[in-house]
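*Asks:* Sequence:
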Amino acid sequence: RFNDIEVLIKGNWYDVETFARRHPGGRIINFYRGKDATQAYREFHQRSKRADRILKTLKSRPAVKGDSTTDNDALVADFVKLRADLEKEGFFKPNYAHVAYRFAEIVGMHLLGLYLIFQGWYATGLIILGVVEGRCGWLMHEGGHNSLTGYIPFDHALQILTYGLGCGMSAAWWRNQHNKHHAMPQKLDHDVDLNTLPLVLFNIKAADHQKAPKSKSWIRLQAFLFPNVICSLVAIFWQLYLHPRHAIRTARYHEVACMAARWAFIFGYMPMYFGFWPTLIGAILSNGIGATYIFCNFAVSHTHLPVVAKDDDVSWVIYAAHHTMNVNSGAGGWVDWWMSYLNFQIEHHLFPSMPQFRHPIVSKRVKKLFKKHGVPYITMSYVDAMKVTFSNLDNVGHAFYG
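Letter by letter, the sequence shown follows residues 1 to 402 of the UniProt record's numbering.
These aren't lab readings, by the way, just hints derived from the structure by calculation.
Check the hints yourself; a few may be wrong.
What the hints assert, rightly or not - For lysine-lysine, the following BS3-like pairs were computed, each having C-alpha atoms within a straight-line distance of at most 27 angstroms:
| # | residue 1 | residue 2 |
| --- | --- | --- |
| 1 | 10 | 372 |
| 2 | 88 | 371 |
| 3 | 81 | 65 |
| 4 | 88 | 205 |
| 5 | 10 | 35 |
| 6 | 214 | 88 |
| 7 | 49 | 93 |
| 8 | 214 | 387 |
| 9 | 88 | 368 |
| 10 | 205 | 216 |
| 11 | 93 | 10 |
| 12 | 367 | 88 |
| 13 | 49 | 88 |
| 14 | 10 | 387 |
| 15 | 387 | 93 |
| 16 | 205 | 310 |
| 17 | 35 | 59 |
| 18 | 56 | 88 |
These numbers were taken from a predicted model, which means no experiment stands behind them.
Turn these sequences into a full structure, and let the hints guide you.
*Replies:* Laid out in structure tokens, this is it:
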């Protein structure tokens, strides 16, 4: 009834053979050829009137009974109902006071870190600057998902400023790559977060799907190298090559300007007070702290969980249930702050355009949905999540080394 030039969206099959080449989101649309893309379309384009206008211009035909996953999967049908209820109840609406708090926090942390450095408290200041660099990563993540103000151009502008000035990276590159991850997390040849060689290997099955050079000795030691060394190398590679190259190649000069402003402040202004070499060392240290903070915390959410074979298909809900996990909020909700509510990865993958501070509230209803259908709801303490993440790195290193 369908072929691989079509995708199913909200009851209609759309011919995307020609449109796929100019899809604003890139080749991610090809992941859903011949498949039901309704949930993915809704989550990626909830606030985009432009997407709906484009969709209406594409050649289409009505689907028949049995084509949609909601026709055959009671779990997906109940998920669709839950999502509709949450939307009616206002869970997807932005909270401007929360957004203001988040930005005030990163501005305040930057000012505090710089003040301490100028007062001679170098170690404390660098730690704070490193942590706030990571927190800029958390915050720009919300902008990239359009869940800050709910107005896409403004959210993207906030993301560009936060990621460019705060981390020295490209927002457009991040959106392009991260949406592929959200489309099909932990799926071989689809999820770019599995394409991590030569620096790190999270799943032994991913090794054969990458052409990058592979050092057995390096991967054997990856559990020890991942914090600080590997995380720092990834950040530096992104900052100095991958992200500026993408911004220049795609003529996103506003992103180039933000990244350049960051480096101008660090290596143009700071050396006037501290000299070049102390500034360079401080920049490397704080950058490493920020990279380790955010990459290690992201790693607990997926990397130790099973992968999906490249030719297998699972539903949007099962991707979230089987291939993501949550970390408990901890005493006083400290983990919620530390991970900027992305410790609720199950909810984030089900509802990526929902403001993330609402995930703890929604989690109770998601857990109830999963229990009704006998689907696991994986959650563990922060310490246990770190243990299983680094145990996986060590086990994969052993297996790869042979």
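*Asks:* So, for every hint listed, does it hold in this structure?
*Replies:* Hint check:
The hinted pair formed by residue 10 and residue 372 meets the criterion: a straight-line CA distance of about 25 angstroms does not exceed 27 angstroms. Taking the CA atoms of residue 88 and residue 371, the gap is near 23 angstroms; set against the 27 angstroms cutoff, the hint holds. For the proposed pair residue 81 and residue 65, the alpha carbon gap of about 19 angstroms is at most 27 angstroms, so the pair holds. Restraint check for residue 88 and residue 205: not satisfied, since their Cα atoms lie roughly 42 angstroms apart, outside the 27 angstroms limit.
At roughly 12 angstroms between alpha-carbon atoms, residue 10 and residue 35 fall within 27 angstroms of each other, so this suggested pair holds. Only pairs whose Cα atoms come within 27 angstroms are accepted, and residue 214 paired with residue 88 is rejected, the gap being roughly 50 angstroms. Of the supplied pair hints, the one linking residue 49 and residue 93 holds, its CA atoms being roughly 16 angstroms apart against a limit of 27 angstroms. A distance of roughly 25 angstroms separates the Cα atoms of residue 214 and residue 387; the hinted pair therefore holds under the 27 angstroms criterion.
A C-alpha spacing of about 19 angstroms is found between residue 88 and residue 368, which places the hinted pair at or below 27 angstroms, so the restraint holds. Distance hint between residue 205 and residue 216 is fulfilled; the C-alpha atoms sit about 15 angstroms from each other, no more than 27 angstroms. The straight-line distance between the Cα atoms of residue 93 and residue 10 is roughly 22 angstroms, inside the 27 angstroms bound, and the hint therefore holds. Note on residue 367 and residue 88: the hinted pairing holds, with a Cα-Cα distance of about 20 angstroms set against a maximum of 27 angstroms.
A C-alpha spacing of about 19 angstroms is found between residue 49 and residue 88, which places the hinted pair at or below 27 angstroms, so the restraint holds. With a CA separation close to 42 angstroms, the supplied pair residue 10 and residue 387 exceeds the 27 angstroms bound. Straight-line distance between C-alpha atoms of residue 387 and residue 93 comes to about 36 angstroms, which puts the hinted pair past the 27 angstroms bound. With a C-alpha separation of about 11 angstroms, the suggested pair residue 205 and residue 310 falls inside the 27 angstroms cut-off, and the hint holds.
Between the alpha carbons of residue 35 and residue 59 the distance comes to roughly 16 angstroms, so the proposed pair stays at or under 27 angstroms and holds. Restraint check for residue 56 and residue 88: satisfied, since their Cα atoms lie roughly 25 angstroms apart, inside the 27 angstroms limit.
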